[in-house]
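Engineer: Could you build the full structure based on these sequences and the hints that come with them?
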Amino acid sequence: MSLTREQMAQRVAQELQDGFYVNLGIGIPTLVANYVPKNMDVMLQSENGLLGMGEFPTEETIDADMINAGKQTVTTVKGASIFSSAESFAMIRGGHVDLTVLGAFEVDVNGNIASWMIPNKLIKGMGGAMDLVAGAENIIVTMTHASKDGESKLLSNCSLPLTGKGCIKKVLTDLAWLEIEEGAFVLKERAPGVSVEDIIAKTQGKLIVPDHVPEMTFVSL
Amino acid sequence: MAGFDKVVASYEDALIGLEDGMTILAGGFGLCGIPENLIAEIKRKGTKGLTVVSNNCGVDGFGLGILLEDRQIRKMVSSYVGENALFEKQLLNGELEVELTPQGTLAEKMRAGGAGIPAFYTATGVGTPVAEGKETKVFNGREYLLEEAIVGDFAIVKGWKADRYGNVIYRHTAQNFNPLAATAGKITVVEVEEIVEVGELDPAHIHTPGIYVDRVVLGTFEKRIEKRTVKAVY
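Protein sequence lines correspond, in order, to chains V and R.
Sequential numbering from 1 applies to the first sequence in my numbering.
Sequential numbering from 1001 applies to the second sequence in my numbering.
These are calculated hints, taken from the structure and not from any lab test.
None of the values given here were measured: they were computed from a predicted structure.
Even for Gly, the Cβ is constructed at its ideal location relative to N, Cα and C.
Misleading hints may appear alongside valid ones.
Claimed, not checked - EDC-like cross-link-like pairs, simulated, lysine to aspartate or glutamate; straight-line CA separation at most 20 Å:
| no. | chain 1 | residue 1 | chain 2 | residue 2 |
| --- | --- | --- | --- | --- |
| 1 | V | Lys124 | R | Glu1132 |
| 2 | R | Lys1227 | V | Asp18 |
| 3 | V | Lys124 | R | Asp1060 |
| 4 | R | Lys1161 | V | Glu137 |
| 5 | R | Lys1227 | V | Glu55 |
| 6 | R | Lys1227 | V | Glu60 |
| 7 | V | Lys165 | R | Glu1143 |
| 8 | V | Lys124 | R | Glu1226 |
| 9 | R | Lys1231 | V | Glu6 |
| 10 | V | Lys121 | R | Glu1083 |
| 11 | R | Lys1075 | R | Asp1020 |
| 12 | R | Lys1231 | V | Glu55 |
| 13 | V | Lys121 | R | Glu1088 |
| 14 | V | Lys121 | R | Glu1095 |
| 15 | R | Lys1231 | V | Glu60 |
| 16 | R | Lys1227 | V | Glu59 |
| 17 | R | Lys1223 | V | Asp65 |
| 18 | R | Lys1186 | R | Asp1013 |
| 19 | V | Lys124 | R | Glu1097 |
| 20 | V | Lys124 | R | Glu1095 |
| 21 | V | Lys121 | R | Glu1097 |
| 22 | R | Lys1231 | V | Asp65 |
| 23 | V | Lys124 | R | Glu1099 |
| 24 | R | Lys1223 | V | Glu59 |
| 25 | R | Lys1223 | V | Glu60 |
| 26 | R | Lys1223 | V | Glu6 |
| 27 | R | Lys1161 | V | Asp63 |
| 28 | R | Lys1043 | R | Asp1153 |
| 29 | V | Lys121 | R | Glu1143 |
| 30 | V | Lys169 | R | Glu1143 |
| 31 | V | Lys124 | R | Glu1083 |
| 32 | V | Lys165 | R | Glu1135 |
| 33 | V | Lys124 | R | Glu1088 |
| 34 | R | Lys1227 | V | Glu181 |
| 35 | R | Lys1231 | V | Asp63 |
| 36 | V | Lys165 | R | Glu1132 |
Unchecked claim - Quick list of simulated restraints, FRET-style, between CB atoms:
| no. | chain 1 | residue 1 | chain 2 | residue 2 | range |
| --- | --- | --- | --- | --- | --- |
| 37 | V | Asp211 | R | Lys1089 | 54 to 62 Å |
| 38 | V | Met1 | R | Gly1116 | 56 to 64 Å |
| 39 | R | Gly1116 | V | Gly79 | 32 to 40 Å |
| 40 | R | Lys1227 | V | Gln14 | 23 to 31 Å |
Structural biologist: So this is what it looks like as structure tokens:
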């Protein structure tokens, strides 16, 4: 069985460490916030200028001046700070964020990522994605392994215009956990019930399959 | 006006000197912290052929989106413009030009513009369409792009409180691009919710010192919410 969105978020959450400053992109990455282990302190960075993003407000506490990078109304946690967009991207570009999680259309064996532009379709813009991938040392890309038509998104060369070059080392798909090493995807873990053959069939870029590929494990919270 | 007193009496006075073809830097992220009344005044004034530098372009019927209705904007410099049907239409039929700029680069372009730095190197955008036509240089084995600063003929800014000298503080995440735009306008106009007497604001808490600010105007704000999210209460 391929992973659900929630399971993908849970798997990413296993990479969190106590004291991490984390930037979560829109979509599946946002869900990671729901799976921060109870005994762990993690501070969420939102690139519109907030470090220490909290949960959504109530109808009583909602405030138009308090939003996240997805333009949703949010709250702050204790110990949060608020600053300008330049300060926010100084944190990001200066490599101060410990973990960045974001979605993508394609990733390739050289760590290139395409996530913002499909030619001949409407281009909405890259937002902060190019800054995030260029600035972060520790990035996890979350995406489906293949398109609905079965086209692989793990490629030898990205076909779409890039968001960043040579900056991705870890990818979580609905089928597998992979790491990019020396021009190849290395299959580290597979989703429960998904065979290595399935993953090979849906990976277009060079894939290294170790002798033993463990199934992912999920601890109930 | 006397001495350092920056307060003007009306929105009309706040935008004296704004002319067709000028470049305007606008604060705001989505609809949060946008100078909504200054934008409405630009619409009323009918200034055309504008280049607007702003992270986003509002939505249909609110924020910078209203300046599209009478085709007042010639070019947008933004990081994300996906929330606006009229924008899409004008872009596709060639009435509007857009220069998509990574969000951090956009912020830094304004910061540099205000700080007298003509250009800066950044790793953001290397190997992407953003790099086309730009000079690159390798530092410590990594490639960087040369990005040029931006200054505006006008900066339009939304603050929370200002004193009469133009010292400004922002409220929560309505800060965003506002203090950056404020530094990089030849004429910087700040609209605020409250004007206080000089000395009331703690000098250590000022976000935008009055030296950057030319005009302060008092407004009332709708503060429309783009994505209203609340937690489920059981």
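Engineer: Hint by hint, say whether it matches the structure.
Structural biologist: Hint by hint, here is what the structure shows:
1. Lys124/V with Glu1132/R: holds (18 Å)
2. Lys1227/R with Asp18/V: violated (31 Å)
3. Lys124/V with Asp1060/R: holds (15 Å)
4. Lys1161/R with Glu137/V: violated (38 Å)
5. Lys1227/R with Glu55/V: Since the Cα atoms of Lys1227/R and Glu55/V sit roughly 14 Å apart, the hinted pair holds (cutoff 20 Å).
6. Lys1227/R with Glu60/V: holds (16 Å)
7. Lys165/V with Glu1143/R: holds (10 Å)
8. Lys124/V with Glu1226/R: Satisfied, since the Cα-Cα distance of roughly 17 Å is no more than 20 Å.
9. Lys1231/R with Glu6/V: holds (18 Å)
10. Lys121/V with Glu1083/R: holds (15 Å)
11. Lys1075/R with Asp1020/R: Holds, because 13 Å separates the two Cα atoms, which is no more than 20 Å.
12. Lys1231/R with Glu55/V: holds (7 Å)
13. Lys121/V with Glu1088/R: With Cα atoms ~11 Å apart, Lys121/V and Glu1088/R stay inside 20 Å; holds.
14. Lys121/V with Glu1095/R: The given pair, whose Cα atoms are some 18 Å apart, holds under the 20 Å limit.
15. Lys1231/R with Glu60/V: holds (11 Å)
16. Lys1227/R with Glu59/V: holds (13 Å)
17. Lys1223/R with Asp65/V: Holds, at roughly 8 Å.
18. Lys1186/R with Asp1013/R: Holds, at about 16 Å.
19. Lys124/V with Glu1097/R: holds (13 Å)
20. Lys124/V with Glu1095/R: Measuring from Cα to Cα gives roughly 17 Å; hence the hint holds.
21. Lys121/V with Glu1097/R: Judged against 20 Å, a Cα distance of about 16 Å means the pair holds.
22. Lys1231/R with Asp65/V: holds (17 Å)
23. Lys124/V with Glu1099/R: Distance ~11 Å between Lys124/V and Glu1099/R Cα, so the pair holds.
24. Lys1223/R with Glu59/V: Distance of about 16 Å is within 20 Å: holds.
25. Lys1223/R with Glu60/V: holds (16 Å)
26. Lys1223/R with Glu6/V: violated (33 Å)
27. Lys1161/R with Asp63/V: holds (17 Å)
28. Lys1043/R with Asp1153/R: Since the Cα atoms of Lys1043/R and Asp1153/R sit roughly 17 Å apart, the hinted pair holds (cutoff 20 Å).
29. Lys121/V with Glu1143/R: violated (30 Å)
30. Lys169/V with Glu1143/R: holds (19 Å)
31. Lys124/V with Glu1083/R: holds (8 Å)
32. Lys165/V with Glu1135/R: Roughly 17 Å between the alpha carbons, so the hint for Lys165/V and Glu1135/R holds.
33. Lys124/V with Glu1088/R: holds (9 Å)
34. Lys1227/R with Glu181/V: violated (40 Å)
35. Lys1231/R with Asp63/V: holds (13 Å)
36. Lys165/V with Glu1132/R: holds (14 Å)
37. Asp211/V with Lys1089/R: 54 to 62 Å: For Lys1089/R against Asp211/V, whose Cβ atoms are near 57 Å apart, the range 54 to 62 Å holds.
38. Met1/V with Gly1116/R: 56 to 64 Å: At 59 Å between Cβs, range holds.
39. Gly1116/R with Gly79/V: 32 to 40 Å: holds (35 Å)
40. Lys1227/R with Gln14/V: 23 to 31 Å: Holds, at about 29 Å.
The structure fails hints 2, 4, 26, 29, 34 (numbered hints given earlier, in ascending order).
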